[in-house]
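Asks: Listed below, chain by chain, are the residues.
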Amino acid sequence: MTTDFVAEPLAEDALLLRFGESIDAAVNARVQLAARKLRAANLPGVVDIAPAYASLLLRFDPFARGDARGRGEPPHARLPGEIKTILRQPQSPDARAPTRMIEIPVCYGGDCGPDLADVAAHAGIAPDEVIACHAAAEYTVAMLGFAPGFPYLLGLDAALHVPRRANPRTRVPAGSVAIGGAQTGIYPGELPGGWHLIGRTPLVLFDPSRDPPALLAPGDRVRFRAIDAVAFARLVEHA
Amino acid sequence: MTFEVLKPGLLTTLQDAGRPGFAHLGVGRSGAFDMPALRIANALCGNPSDACALEITLLGPTLRFHAEAWIAVTGAPLSVRIDDTDVPAWAPLRVRAGAVVALGAIAHGCRSYLAVRGGFDVEPVLGSRSTDLNAGIGPFGGRPLRAGDTLPIRATEDARPARPANWRADPRPWFDADPARPLRLLPGSHLDQLTDTSHKQLFSKSFKMQTDSNRVGLRLSGPVLEWSTPIEMVSEGCVPGLLQLPPSGQPIALGPECPVSGGYPRIGQIAAVDIPRLAQLRPGDALRFTRCTFDDAFAALQEREHALRQLETHIAARLAP
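Protein chains in written order, with this note's numbering: chain L, 1 to 239; chain U, 240 to 560.
Don't read these hints as lab results, they were simulated from the structure.
Beta carbons are placed, not taken as given, at the ideal position from N, Cα and C, and that holds for glycine.
What the simulated footprint calls covered on chain U by chain L, stretch by stretch (three residues with Cβ under 8 Å from a Cβ of chain L suffice, anywhere in the stretch; the number is not a length):
#1 250-263
#2 373-380
#3 461-474
#4 504-514
This is chain L alone, in the form it adopts within the complex:
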C-alpha cells in the first residue's frame, strides 16, 4: 500500500516519507508509485519530489500559501495528512507506471572495464559470463544521486554482488558502468568512485543543456546491450 509510510519532517521546507528500511524492489516500487501520484496531484508549493531506495523526499516553499504571517497549520504539520489523502486515492491515469525501457549499449572489459576480471574472479565465473549475466537482467532506476544523473539500479543478479574496491579511484571515466555491492550504476561524468568498473557506455547520462538533462529518471527500466570497442568508438563520435 502506498499509504503505508511514516512521514517525518526533515526541515521547515522538507518532508521525508519512509516506506521501508531496506534496498528492496517492492519497497522502491511503492516509493515510485507515491512519487507519481504526488506529481500528478500538483500540491501547491511542492517543488521537489525525489525518490530514494525506500523513501521519498518532498521539498516545498513554506510560505507558498498565504503571506509570511501565514495563518493556520504550518506545512510540516499540514502536509502529511494531505499526502495520505492523495496516496489513498486510486491511481489516476497520470500516475500509471511509466513504460520507458531504455537500452544502454556497453563496451564491457578491456580499457572500458578494467575491473571485469576482478569481478569474474570474485564471482568464480568467466568474464564472458559476467557480461552475459549483467546484460541479461532487466533493471529499475531506484533513484538518482551521488552526482547529477547517476542512476542507482535495482536488479543486479546476486552472482555479481561484489564488495566495493578497497582503494577507491580518484577519477572514474564518464560513462563507466560499475558494480558496488548489490548495486550497479553508471558514472555520468568523471568522478571519484569505489565501485568496480566493468564497462563503459558511449551515451551521455547527464547534460544540463538537454531537456530533460538526465538520460534516466527514477522508475525507468533499463537493459544493457554488449557492444564491441569499434561500435563504442563509433557511437562516441556520434554522441
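Once you've looked at the hints, dock chain U against the given chain L.
Replies: Coordinates of chain U only, in the frame set by chain L:
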C-alpha cells in the same frame, strides 16, 4: 554593460535563490548560502529578490566596471572601496564607468554579497544562475570567477540610484556572527540513538568548524559522539542544514551544495532561520547547539520572513524616485 574581474578574491561565485525542481535527477539546489543577505543586496539595487549576485568568501574581488552601474554589498563586513574611496556596505552605491571596485578581506563572518542593478546577464542553467561547484553546473561551467572574466550586466533603464546614498540598511538583525548564541537544532531521525553522554554533549559542548569545510558541508570537531546501538541505514534525501554523524563521531552540517541523498545517520536539522548564521561561520569558529521544536522553528522563520519583506518594501520605497 560589463565588468571585468581584476582579482577574483578567494572564492567568488555567482549565486541566486538556487535550482529547485531537479532533486529527482540528482541535481542539488546550490544558491546563496546566506539568503537574507542576497535578498537585501538585491533590494538595495531595486532587483527582484532572487536575482543573481556575487557570493564572496573570506576575501573579496577587485572589479573594473566598463559602464556606469549601481551596486550594493551586504553580508559579512568587509571594506568596500570605489577608486580608493571607502564607501559603505548595506547601501545603494553608484559606480562610474571605468571605476575600480575593490572589496577587502572579511574581518569576521565568512560570506558577503555584491549585487548589481539589473542582475548578471548570464544564461540560466536548469532554471538558475547559481553556481554548483561540486557538480560543475552553472554559469562559467560551474567554476568560481577568475581574473580576466567578463560579467555581463543586464541593461536597465535606470542604471543609477535615483537618490544619493546618504542612508544605509541596518545590518545588525541580518548579520550575526556571535558565537555565544547557539544554533537552533531540530531533532534528527537518529538523535535518540545517541548515548546519553553524547546526547548531553551535543547540546552542552562547543564544536569548532574545520578548515576542510565548504559549501557542500561544514565539518565540525568536538566531543566524539557515539551511538548506543549501531545504525544501519539506506541512502535517503538530504537538505542543507542537516547534521549528519559519520563513523568518525564528528558531525557534518550540510551546506547549499549538499548531495540530494546520503547514507550517514542524522542527529539533527539546523533551523532554517539559523542557516544564515551557519553560512557566516569561518574555519576555527566555535558553535554550539540548542534544542528547538518544529513549531518554534517555523514561527521564528515566519517572523524573519515578515521582517525581511518589510525591509524589502521599505528599501523599495526609499529608492522610488
